[in-house]
Structure formats: structure tokens, C-alpha cells
Amino acid sequence: MGLLTSVKKLWVTWDLRVCIITSLSLQAFLLLLAPFRQRSRSGLLFKSVWATYLLADWIAAVAIGLIAKSLGRSNDHKNDSNLFALWASFLLMHLGGPDGITSLSLEDNELWIRHLFGLILQVLSAIYSLYLTFSRNKLWGPSILVFIGGTIKFAERTWALRLASLDSFGESALPDPNPGPDYEEAASEYSVMMPAQFLTVSGGGRGGGGGIGNVLSDSITTVEGPAQKKTEEMKKLEVARSLFESFKGLIVGFLISSKDRDSSRNYFMQQAPEYAFRLVEYELSFMYQVLHTKSVVMHTKIGYALRGVSFLSTFGASLFFLFVDKSGFDNFEVAVTYALIVR
Numbered sequence: 001m002g003l004l005t006s007v008k009k010l011w012v013t014w015d016l017r018v019c020i021i022t023s024l025s026l027q028a029f030l031l032l033l034a035p036f037r038q039r040s041r042s043g044l045l046f047k048s049v050w051a052t053y054l055l056a057d058w059i060a061a062v063a064i065g066l067i068a069k070s071l072g073r074s075n076d077h078k079n080d081s082n083l084f085a086l087w088a089s090f091l092l093m094h095l096g097g098p099d100g101i102t103s104l105s106l107e108d109n110e111l112w113i114r115h116l117f118g119l120i121l122q123v124l125s126a127i128y129s130l131y132l133t134f135s136r137n138k139l140w141g142p143s144i145l146v147f148i149g150g151t152i153k154f155a156e157r158t159w160a161l162r163l164a165s166l167d168s169f170g171e172s173a174l175p176d177p178n179p180g181p182d183y184e185e186a187a188s189e190y191s192v193m194m195p196a197q198f199l200t201v202s203g204g205g206r207g208g209g210g211g212i213g214n215v216l217s218d219s220i221t222t223v224e225g226p227a228q229k230k231t232e233e234m235k236k237l238e239v240a241r242s243l244f245e246s247f248k249g250l251i252v253g254f255l256i257s258s259k260d261r262d263s264s265r266n267y268f269m270q271q272a273p274e275y276a277f278r279l280v281e282y283e284l285s286f287m288y289q290v291l292h293t294k295s296v297v298m299h300t301k302i303g304y305a306l307r308g309v310s311f312l313s314t315f316g317a318s319l320f321f322l323f324v325d326k327s328g329f330d331n332f333e334v335a336v337t338y339a340l341i342v343r
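Take the sequence shown: its position 1, counted from the start at 1, is 1 in UniProt numbering, and no numbers get skipped.
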């Protein structure tokens, strides 16, 4: 019984610290493994990412709960409570996850509402932790700054999940509706517009000046050497992006006309195998990025603005913590905080 009591006391003392270190390690592990998931079919890799993905969310949520519980029952003014409130804000960033992975499958995207409720709950828990230390916290400034950055990052993930859900993704695959008074006329215009949009991409050298092929051919005629190869790759990316935008409705079950199918087939039949497969590779990459990462949120004006705010908040908190008087803080906990900042 003495041994069990000692182990219990040790766990009560170190449970939060163990959770923080574990959460930090899982985030680093997920950050390293997530990019390989896009290019590998390894079952071991997928299971590793799957386990890390689920455990990372769970351990971060548990850690925030432990912080709120610890601060709620603490009646002293120990400096570690100030660090705990700061850690709660950092854990919001962990719940936001790396940019390279937001979901493991399409079904995960449909659970964005659950993530929204999780966002609200965890943000309230972090606010509660800050409130409990408000009167005595000399790290109030960096805690607020990190809280802002963490909330933004968590919200980015939730918003990315929503945009990748079937309903939202299907809406983005449709053109702006303009049915007018005559539905048949509108439907006819739509059926003509879609193949025309694709032909603009695939028929770059056949008259007309709006195709991607025409635009890029004009821009690279005077480029030579390695720069030309780089520009050729950019041209492939542009063509693949336009093809993906034209046919991404197939992902959610939309049908394509025979003209679209024939246009696509004829275009690829005219290309060299290496070129055609590279286009398909790029299209699949675009599909993965849209459905399973934050890219659809990041690469927007609002996304760039939020990223700027998040970066400045975290950078300001780092400077604040770097120069603040850390006398009275435990050296190990200070080291953990620096690790959280670097992450």
C-alpha cells in the first residue's frame, strides 16, 4: 500500500507536466508524419498517424481540464499557477493541430460541428483558467497573446473541416446560380458553360486568348535554362489546378457530360505519359490539400490576416516571456514553456 500511495502522490504532482510533454511530443510527431501520409500507402504509417491524431486531441483536452481543476482548488499564490494558465493557452494551439492534417477521412470532415462545440468548450476552459489567476498572474500579458493565437489556430481547423464537408465542398463545386425565369434555359447555359470552361484549359493553343496554355506560353517564351524548367512546372500546376476546379464535383457525386469526358480524354491522349501522370499527381495533391489540410483556409485574404495576427501574438508573447522576471519559477517548468514557445 505504501508503494501505491507513493505512486499516486507522484502522479498527482506530475500528471499535468506529463500531459504537457506528451502533447508536445505528439504534435511534433504528427507534424513530421503528416506530409508522408499523402505520398505513402504504408499501413504502419497510416496507423501511426491515426493513433497520434486521436491521442493528440485527447491528451490536449485532458491537460486543459487538469489545469482548470488544479487552479480551481489552489488557494495559494505559487508561481506555477501562472505558468499553468499560460500552458492552457498553448494547448489551444495543440488542439488546432498542424497545418498539414485536419482529418484522416472524409467522414471526419462531417464531424465539424462536434469540433465547433469542442472549440467553444476548450476556449471557455482556457478563459476560466486565466480568470482564476487574473489577480496575481505576472504572465497575464503573454497568456492573453497566446490565447488569441491558439483560438485562431483552433478555429482554423474547425473552419477547414466545415469547408471540406460534403455539403460545403459540393457548394464550392457549383457555379454561382443564376436560373432566371426559365429553368430550362438556365440549365442549357450551365451545360454549355462547363465544357467550355474545360476547353479553355485544355485547348490552350487553339485560337482564343483566355486559355491557360496561351497565357503561360506567352510568359515563358524568353525563359531559358533551369528557370524554364521551373516555369514549366508552374504551368503544369496551373493546368492541374484548373482541371481540378473543373471536375472536383465528381468527388461529391456530380455527373459530367459526354463533352466534358471526351474533352478530358482527348487532351490527355495528346500528352506524353510522363506529363499526363504528373498532371494527375498534381490534381490528387490539390484534392488532398483541400479535403485534409488547412490550405483552403490559409490561402485566403482572411486566412493570411488571421495568420498575421496569430504570428504577432505568439511572437509578442515569446518576447514578453523571454524578458520577464522568472525568479520563483521552477526551472523544469520554464524549460517546458520554452519548448511550447518553440513549437
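Because the hints were derived from the structure by calculation, they are not lab data.
There could be a bad hint or two in this list.
What the hints assert, rightly or not - Heads up, simulated DSSO-like pairs for lysine-lysine below, C-alpha to C-alpha not over 30 Å straight-line:
1. K326 <-> K236
2. K69 <-> K8
3. K301 <-> K326
4. K47 <-> K235
5. K47 <-> K9
6. K301 <-> K236
7. K236 <-> K248
8. K248 <-> K235
9. K259 <-> K235
10. K326 <-> K248
Hint check results:
1. K326 <-> K236: violated (54 Å)
2. K69 <-> K8: Given pair K69, K8 holds - Cα atoms ~17 Å apart, limit 30 Å.
3. K301 <-> K326: Answer violated: K301 to K326 is near 39 Å, above 30 Å.
4. K47 <-> K235: violated (36 Å)
5. K47 <-> K9: violated (34 Å)
6. K301 <-> K236: holds (25 Å)
7. K236 <-> K248: Holds, at about 17 Å.
8. K248 <-> K235: Given pair K248, K235 holds - Cα atoms ~19 Å apart, limit 30 Å.
9. K259 <-> K235: holds (24 Å)
10. K326 <-> K248: Violated, because 54 Å separates the two Cα atoms, which is more than 30 Å.
In summary, the structure is inconsistent with hints 1, 3, 4, 5 and 10 from the numbered list given earlier, while agreeing with the others.
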